[in-house]
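Student: Listed below are the residues making up each chain.
There are 2 protein chains.
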Amino acid sequence: MSISAVSSREFYVGVDVGGSKVAVLVSDDQGREQGRYVAPTRLDSSRGTLEGIVDAIHTALRVAQADLEDVAAIGLGIPGRVEPEEGIVHLAVNLSWQNMPVGQILQEALGTPCWLENDVRAAALGLQRHPLYAQVQNLAYISIGTGISAGLILNGRLYRGAHGMAGEIGHMMMLRDGPRCQCGSRGCLEALASGPAIARRGEAILQTGVKTILSEWKPVTTRSVFQAAEAGDAIAQAILQEVGRYLGQALQQMVMAYDVEHIVLGGGVASAGASLLDYVLTDIKHQREASSLAKEMLQPEMFHMQPQNYEAGLWGAVVLAENGLHTMQPLTI
Amino acid sequence: MSISAVSSREFYVGVDVGGSKVAVLVSDDQGREQGRYVAPTRLDSSRGTLEGIVDAIHTALRVAQADLEDVAAIGLGIPGRVEPEEGIVHLAVNLSWQNMPVGQILQEALGTPCWLENDVRAAALGLQRHPLYAQVQNLAYISIGTGISAGLILNGRLYRGAHGMAGEIGHMMMLRDGPRCQCGSRGCLEALASGPAIARRGEAILQTGVKTILSEWKPVTTRSVFQAAEAGDAIAQAILQEVGRYLGQALQQMVMAYDVEHIVLGGGVASAGASLLDYVLTDIKHQREASSLAKEMLQPEMFHMQPQNYEAGLWGAVVLAENGLHTMQPLTI
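So the sequences go chain by chain: S and W.
Heads up: the first sequence begins at 0 in numbering that gives the first Met the number 0, then just goes up one per residue.
Heads up: the second sequence begins at 0 in numbering that gives the first Met the number 0, then just goes up one per residue.
Treat the hints with care, since some could be wrong.
Partner residues are not named here, just some residues of chain S that face chain W (Cβ under 8 Å, in silico) [what the hints assert, rightly or not]: (1) N137; (2) A165; (3) Q206; (4) V209; (5) I212.
Partial list, derived from the structure: chain W residues whose beta carbon lies under 7 Å from chain S [claimed, not checked]: (6) A133; (7) Q181; (8) G183; (9) S184; (10) I212; (11) E215; (12) W216; (13) P218; (14) S290.
I should point out that these hints are in silico values taken from the structure, not numbers from a laboratory.
The C-beta atom is built at its ideal place from N, Cα and C for all residues, glycine as well.
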């Protein structure tokens, strides 16, 4: 991935822009980390957020003892809907960005090509450079947090779909007449298995007056449901078993339709409860027992938690920086 | 697609092998039809089936006034699980083939490279050369018949998945605790919306003694359910509305997860009842009314019936013949 033969710019910068923090990683042309910096996300204004990102990049470069002139490209993972070719963020609710030409603004501020992608897709790209998945041609990274979405690698490449909307699995309709989703539909996966759905389920069960240690931990959070379940609380366990069933069913559908090789779970809910994978695998086990096809296509080994201590999103942003030069046309600065 | 500059072999042969008939099409190197022949499938023995295919190819070539020596390659769409690179048919239940080296046997018999693919995937390839879909990069062809499966074109190319199992949408689990599927699971799409599922549903309703003109048309078939619905029978209409809902939900899931641009319905059920699309679209309409995301991603124009009088499977077999030379290594004869 070196471009040293044609350029003296030896560094790539990856930026993982979140609703609460901006993480920046500076990598050399051998993919070695040279420095990093994490700052709180500035949320004072949409321009302020951009200035905060620029400042964080400058600071990370100082940490890496590198200069902007040594940076070949910058990649950014953005929590929202992104048009990578135009460098436009159509919608990033947490950042209050709407139809914002982020790529152009950052390129003007930094004088370096800037490549954007949705953060969950960036994380899928990041997994692809992890030793565990380096040879994997078909992979789905599933982010389960406030929302649920997927980053897909198909035939070895990031797959965006016909309109850049691939991976909207949070809105796969799992249960007709199920609970109302924010999108307006009923029974979307997100309304059944996201962080808020888990907490809501816990709150609703408390209202019934049933005996559970969750009643001592009000308000109920996703994390407290996992903690109660780990402490042996049958109600919390039942909530998570149901979540595991919906996730197991959605993953079954994704595998049957598209035969991915690995499914990697990440995001806030997955980090709140590492046992999430166990609940999913319990459902997968039941599916395998019923059907020879399920037994063939749903191998327990194909389901993983995101590798610990590996920042897939941040490294994916580095991949965006590296690949942008080779696979896309840079924006005109 | 001409190889006339490097070879004098100017013809490509496509073969659509079905459980009841074998259709052969001879095309020149400009993609123009030069002759065709259709024969009943020989089902006397697995070898007999192969001999019948060889005979049908010879006859089609005579119709086209062409010689085997003028044939650059032969492509075959097979109703079953196929390993194209090895030319092996792992399982084709209707043909009683199991782990059969069909590619090698036919190449030895014909002296010409032979390329195999699953018939539904071949039909997806065939659609790609239809003027309607020539520019479409992401497409799902859904065959609804005795079983339900999909042929997928993603990023402009046939997508087979990590283990060649992509498109097994008949076994997407739609309804937990739903009717038992042949695969062993409950509530698979195939157990809810295939031809046999529709007929079974009609039979079951007859048992309840409810008033329906289906009772005059015993035994109930998929076609009779469609005919009764078209004649205004409320029971038959209700059955098909339910089928439309399950199909609509499965297609919603496929679109949300993978953002395909077009979904084309074909297969026996689709040809038994052209109104199937209307039932699916009724469900899609309800989904669009509930959710802005569904409204954006589920456009009514993206759902089509297979183009009439266009044999997608047969032309897809021709594409297999053409592409095999360019994209795969021929088997050693």
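Student: If a hint holds in the structure, say so; if it doesn't, say that too.
Tutor: A quick look at each hint next to the structure:
The restraint placing N137/S at the interface with chain W holds, with a minimum CB-CB distance near 4 Å, inside the 8 Å limit. The beta carbon of A165/S is positioned within 8 Å of a beta carbon in chain W (closest approach about 4 Å), and the interface hint is therefore held. The criterion of a C-beta within 8 Å of any C-beta in chain W is not met by Q206/S, whose closest approach is roughly 25 Å, and the hint is violated. Violation of the interface hint for V209/S is found here, the shortest Cβ-Cβ separation to chain W being roughly 23 Å, above the 8 Å cut-off.
Violation of the interface hint for I212/S is found here, the shortest Cβ-Cβ separation to chain W being roughly 29 Å, above the 8 Å cut-off. Hint status for A133/W: violated, given a least beta-carbon distance of 15 Å to chain S, over 7 Å. With a cut of 7 Å, the hint placing Q181/W at the interface with chain S is violated, because the nearest CB-to-CB distance is about 9 Å. A hinted interface residue such as G183/W counts as satisfied when its beta carbon comes closer than 7 Å to some beta carbon of chain S; here the least separation is about 4 Å, so the hint holds.
Taken as an interface hint, S184/W checks out: its beta carbon lies about 4 Å from the nearest beta carbon of chain S, inside 7 Å. Of the supplied interface hints, the one on I212/W is violated, with its beta-carbon coming no nearer than about 29 Å to a beta-carbon of chain S, more than 7 Å. Violation of the interface hint for E215/W is found here, the shortest Cβ-Cβ separation to chain S being roughly 33 Å, above the 7 Å cut-off. Contact between W216/W and chain S, as hinted, is not supported at the beta carbon level, the nearest pair being about 30 Å apart and thus beyond 7 Å.
Hint status for P218/W: violated, given a least beta-carbon distance of 28 Å to chain S, over 7 Å. Because the closest C-beta pair between S290/W and chain S is about 4 Å apart, less than 7 Å, the hint holds.
Checked against the numbered hints listed earlier, the structure breaks hints 3, 4, 5, 6, 7, 10, 11, 12 and 13; every other hint is satisfied.
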